[in-house]
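*Asks:* The working numbering puts the first residue of the sequence shown at 0, with every later residue one more than the last.
Be aware that a few hints might be false.
To be verified - Straight-line alpha carbon distances no greater than 20 Å define the calculated DMTMM-like cross-link-like pairs of lysine to aspartate or glutamate that follow: (1) Lys78 / Glu60; (2) Lys92 / Asp35; (3) Lys92 / Asp23; (4) Lys62 / Glu38; (5) Lys87 / Asp44; (6) Lys33 / Glu60; (7) Lys87 / Asp58; (8) Lys6 / Asp23; (9) Lys87 / Asp35; (10) Lys13 / Asp23; (11) Lys92 / Glu26; (12) Lys47 / Asp35; (13) Lys6 / Asp29; (14) Lys87 / Glu60; (15) Lys62 / Asp35; (16) Lys54 / Asp23.
As the list claims (entries may be wrong) - Simulated restraints, written as ranges between beta carbons of each label pair: (17) Met118 / Asp55: 47 to 55 Å; (18) Asp88 / Gln25: 41 to 49 Å; (19) Leu30 / Gly84: 38 to 46 Å; (20) Ile53 / Leu4: 32 to 40 Å; (21) Met118 / Asp83: 18 to 26 Å; (22) Gly84 / Val137: 17 to 25 Å; (23) Thr16 / Tyr49: 42 to 50 Å; (24) Leu4 / Gly57: 24 to 32 Å; (25) Asn134 / Ser111: 34 to 42 Å; (26) Val137 / Ile8: 19 to 27 Å; (27) Leu4 / Glu60: 18 to 26 Å; (28) Val17 / Ser66: 18 to 26 Å.
In short, the hints are calculated from the structure, not lab data. Source: prediction; values computed, not measured. Where is the CB? At the ideal position from N, CA and C, for every residue including glycine.
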Amino acid sequence: MAGILSKGIVFSSKVLTVETPILDLQEVPDLGGKVDKVEVTTLADGSKKYIAGIKDFGDLEFKFLYSNSSVTSNYRVLKAMEIDGGVKDFTIKFPDNTSFAFSGSVMTTINSAKVGDAMTFSLAVTLSTDIVVTNPTV
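Sequences and hints are given; from them, build the entire structure.
*Replies:* Structure representation (structure tokens):
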């Protein structure tokens with residue numbers, strides 16, 4: 000049976016040209032995007048006609064276990080990127096070495112919590128590039 004487990008997925012960012020893992024990732028968003036459909040129906044058509052439009056990945060929202068105990072903690076590093084502004088480079092690497100590279104601006108949000116919940120936060124990345132997929136080498 001084919002398949003891989005999500006255990007071992009690594010989310011990283013380029014910090015001063017060095018690929019740096021962002022620890023305690025809990026959730027990865029959908030990475031496929033959706034292609035808009037553009038209506039091209041004319042008055043001569045008996046039914047609506049469409050062509051493929053532009054792909055929209057939407058904002059990519061990642062969920063992390065909250066940590067802010069040092070300057071290298073995940074929340075502090077990602078919040079600093081938000082405050083700094085601009086476009087940042089990111090990579091997601093699967094356990095089979097498939098990687099997804101993209102760039103975008105970021106926004107952090109502390110997630111709600113109830114009694115007994117682990118504290119988490121979300122990172123939303125608004126893309127400014129396509130997602131480039133690199134397949135593992137055989």
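*Asks:* If a hint holds in the structure, say so; if it does not, say that too.
*Replies:* Each hint, compared with the structure:
Of the pairs offered as hints, the one joining Lys78 and Glu60 holds, with about 14 Å between alpha carbons and a cut-off of 20 Å not exceeded. Proposed proximity of Lys92 and Asp35 is contradicted: the alpha carbons are some 27 Å apart, above 20 Å. Only pairs whose Cα atoms come within 20 Å are accepted, and Lys92 paired with Asp23 is accepted, the gap being roughly 14 Å. Distance restraint check for Lys62 and Glu38: the Cα-Cα separation of roughly 36 Å exceeds the 20 Å cut-off, and the hinted pair is therefore not satisfied.
Restraint check for Lys87 and Asp44: the C-alpha separation of about 46 Å exceeds 20 Å, so the hint is violated. Taken as a hint, the Lys33 and Glu60 pair is honoured in the structure, with Cα atoms around 16 Å apart against an allowance of 20 Å. Restraint check: the Cα-Cα separation between Lys87 and Asp58 comes to about 14 Å, which is no more than 20 Å; the hinted pair holds. Among the hinted pairs, Lys6 with Asp23 is consistent with the structure: their alpha-carbon atoms are about 12 Å apart, no more than 20 Å.
A distance of roughly 26 Å separates the Cα atoms of Lys87 and Asp35; the hinted pair therefore is violated under the 20 Å criterion. The suggested pairing of Lys13 with Asp23 holds, with an alpha-carbon distance near 17 Å, which does not exceed 20 Å. Only pairs whose Cα atoms come within 20 Å are accepted, and Lys92 paired with Glu26 is accepted, the gap being roughly 13 Å. For the given pair, Lys47 sits about 15 Å from Asp35 by alpha-carbon distance, which is consistent with the 20 Å threshold.
A distance of roughly 16 Å separates the Cα atoms of Lys6 and Asp29; the hinted pair therefore holds under the 20 Å criterion. With a C-alpha separation of about 15 Å, the suggested pair Lys87 and Glu60 falls inside the 20 Å cut-off, and the hint holds. The suggested pairing of Lys62 with Asp35 is violated, with an alpha-carbon distance near 27 Å, which exceeds 20 Å. For the hint pairing Lys54 with Asp23, the CA-to-CA distance comes to about 30 Å; that exceeds 20 Å, so the pair is violated.
The hint said 47 to 55 Å for the Cβ distance between Met118 and Asp55, and at roughly 31 Å that hint is violated. Our hint of 41 to 49 Å for Asp88 and Gln25 is violated, since their Cβ atoms are close to 22 Å apart. Evaluation of the 38 to 46 Å hint for Leu30 and Gly84 yields a failure: the beta carbon distance comes to about 24 Å. A beta carbon spacing of about 34 Å between Ile53 and Leu4 agrees with the range 32 to 40 Å that was offered as a hint.
In this structure the supplied range 18 to 26 Å holds for Met118 paired with Asp83, their Cβ-Cβ distance being about 24 Å. Our hint of 17 to 25 Å for Gly84 and Val137 is violated, since their Cβ atoms are close to 40 Å apart. At roughly 43 Å, the beta carbons of Thr16 and Tyr49 sit within the given window of 42 to 50 Å. Separation of Leu4 from Gly57 is about 26 Å and conforms to the stated range, judged on CB atoms against 24 to 32 Å.
Checked against the hint of 34 to 42 Å, the pair Asn134 and Ser111 passes, with Cβ atoms roughly 38 Å apart. At about 21 Å, the beta-carbon gap between Val137 and Ile8 stays in the expected band of 19 to 27 Å. Between Leu4 and Glu60 the beta carbons are some 22 Å apart, a value that agrees with the proposed interval 18 to 26 Å. At about 20 Å, the CB distance of Val17 to Ser66 agrees with the hint of 18 to 26 Å.
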